[in-house]
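Colleague: The lines below spell out each chain.
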Amino acid sequence: MAGGDIDMNKAIISVKALVKTYKMGDVEVHALRGVHADIIKDDFVAIMGKSGSGKSTFMNIIGCLDVPTRGQYLLDDVDVGSLTKDQLANLRNRKIGFVFQSFNLLSRTSALENVELPLMYNKKITSREMRERSLKALEAVGLAGRAHHFPNQLSGGEQQRVAIARSLVNDPVVILADEPTGNLDTRTSLEVMAIFQELNRKGITIVIVTHEADIAAFTKRNITFRDGRIIKTVDVDKPRNAMEELAIMPVMVEEDDV
Amino acid sequence: MKMKNLLRAALRSLAKNKMRTFLTMLGIIIGVASVIAMLAIGQGSKQSIQAQISTLGTNVLMIWPQASSTGGVRMEAGSSQKMTLEDVTAISDRCPSVAFVTPQVRSSGQLVNGNMNWRTSVYGVYPNYFEIRNLNLMSGNLFTMSDDRSATKVCVIGQTVVNNLFGTDADPVGSYIRINKIPFKIVGITEKKGQNAFGQDQDDMVIAPFSTVQKRLMAITHIQSMLASAKSEPQIPAASQEITDVLKAKHNLGPSEDPDFTIRTQTDIANAATATSGILTILLATIASISLLVGGIGIMNIMLVSVTERTREIGIRMSVGARGRDVLLQFLIEALLISLLGGFIGISLGVLVSQLIANLLSWPVSITVQSILMSFIFSSAIGIFFGWYPARKAAGLNPIDALRYE
Ligand SMILES: Nc1ncnc2c1ncn2[C@@H]1O[C@H](COP(=O)(O)OP(=O)(O)OP(=O)(O)O)[C@@H](O)[C@H]1O
Ligand SMILES: [Mg+2]
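Quick mapping for you: the protein sequence lines, in order, are chains A and B. For what it's worth, our numbering labels the leading residue of the first sequence as 1, then goes sequentially. For what it's worth, our numbering labels the leading residue of the second sequence as 1, then goes sequentially.
Calculated directly from the structure, the hints in this document are not laboratory data. From the three backbone atoms N, C-alpha and C, an ideal C-beta is built for every residue, glycine too. Misleading hints may appear alongside valid ones.
Which bits of chain A does chain B cover? Going by a derived footprint, with three or more residues having C-beta under 8 Å, they are [as the list claims (entries may be wrong)]:
id	stretch
1	84-92
2	97-108
3	115-129
Please model the complete structure; the sequences and the hints are all you need to start from.
Modeller: So, in structure tokens, the structure goes:
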């Protein structure tokens, strides 16, 4: 956390003076202008901020999909800045689960096989183990019965749950989700948040980006970005419980409540 | 990624675009099939030429009176009168590697039997001509050396002559025909031999004793050419050298002087003919290879389109941990599958087409294991070569750029 308070818990993600500058011809876009942050084990963080404030840029860098222009990034005590492309790929494969706003599932590939994908790039895992773990991950997101459906046969919420199953199948140290509920209605968003809360309870560290304060209220800590910097970090007093709210939510919602 | 999974992923993405995969493959299929068929035709014609040349006889040497320094070989050698029967005797006496030697004259003859007419060549040779040329009689007997000494008017005729003068399936042994108005008794009929390497009908001829043709039909004193045979195939060069030495001595030519005669061995002729058909084979194979190359470019084109189209998929795979080399391998395997599968179908099609050509056009074809192996190696090489660049392009993408690609 910015300010570096002494914590019993170990920081899984630790970034210092992170800068990302995009060069577009003569114009320089400063997406990140020096970000300091620590995210500890078991944390559940929501990143908020106006559009263009650098949230996605930040997520992509800590997800090892992109590299910073300057600054230090330690993931699970590994200095990511010194790694080769292949080592970064390995890191994504073993330690990170990424969930995208647009699901990013392979089309014409079954839900099960989409979930298996990260394990396919891990030579140590046998086909049998791959199948078992993927089915378990699908079960964890409540889609055991949809294993052999293709993405185009699934609703948006279901597709996002497949994507979440894919992100957790490799037992990552952290799941990163960039606007995971951005394309979903209220109820489906709640379902997704319920899954995240459940996973977090089981000990998985989670970072999500969201525009909605409602969604952020389900997390433990909210970080706000503005103009490429963190301007505010708030601990959520009493996180809402998505599971309970789903239970009391009327099922027959006819009107559009997005 | 494991090989099994890689293969499955590649097969699936090929299956997703069946029509496109098939059309891409078609380039390779046509290329490989035409290489196989062209090589089969080339190889087949080479073999049939070789087979036909062997019908010339065994270990044959042909000797013409003419200097070979001009390079060309003129088959008509009647202009020179430098060769005599003494030369023939000298060769048969003094050349240990020579098995047989016969003088040869050729006249054209108008053949008449009753109201039937036929025009053909009449050869005057010794009886050992039949040994040299591996000719056998189907019916009757050969004339003898004593027939030659007394210039008896006897002859042996080929099947084509029989057909034209007596009708098919006749056996005219003992009958008389007129050759240029001179009556000849038919003593034998040669076995059917078919066409030779130059397309001549080898059954369309009359063979008579040398002196009969030389004196009675042509009225000349010299001989036009000689035909000899070596005792064995390895002895052909020795026989050629011995004949050269003997004839030069007889014609009073020094060892360094150009000979006034030309010797062509069966090996020379075979080599020349094979070289021609070899060039033909190379030409055909080159044309076919170009179509294979075009097929390869087709693969490259489709793989490039595929990489662009599937940039997002590449991004997804990279985001879950695919390394550059995993992506490279995936695309390379797709290209390889297209070309190998295309190669396999192409080979089958090529074999089929070759058989069709053999059956319908009755061209000689011969499919060799080498040509199949070569096509197979060539098509996989094409897959790797033309798949490499698009695969590299895919592998070099940045995960985030690939994911953002619209
Ligand atoms: N590939 C890029 N090239 C150039 N500029 C970029 C690129 N990606 C992002 N930017 C710029 O960097 C800034 C931060 O972008 P980023 O995507 O991180 O914002 P964000 O907080 O995720 O916004 P949103 O809430 O709309 O998703 C923006 O001004 C954006 O225009
Ligand atoms: Mg964003």
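Colleague: All the hints need checking, so say for each whether the structure fits it.
Modeller: Hints, one by one, checked against the model:
Only residues whose beta carbon comes within less than 8 Å of a beta carbon in chain B count, and the stretch 84-92 of chain A has 5; three or more means the coverage holds. Look at the stretch 97-108 of chain A against chain B: 6 of its residues bring a Cβ nearer than 8 Å to a Cβ of that chain, three or more, so the hint holds. Coverage of the stretch 115-129 of chain A by chain B holds [criterion: at least 3 residues with CB-CB distance below 8 Å; count 7].
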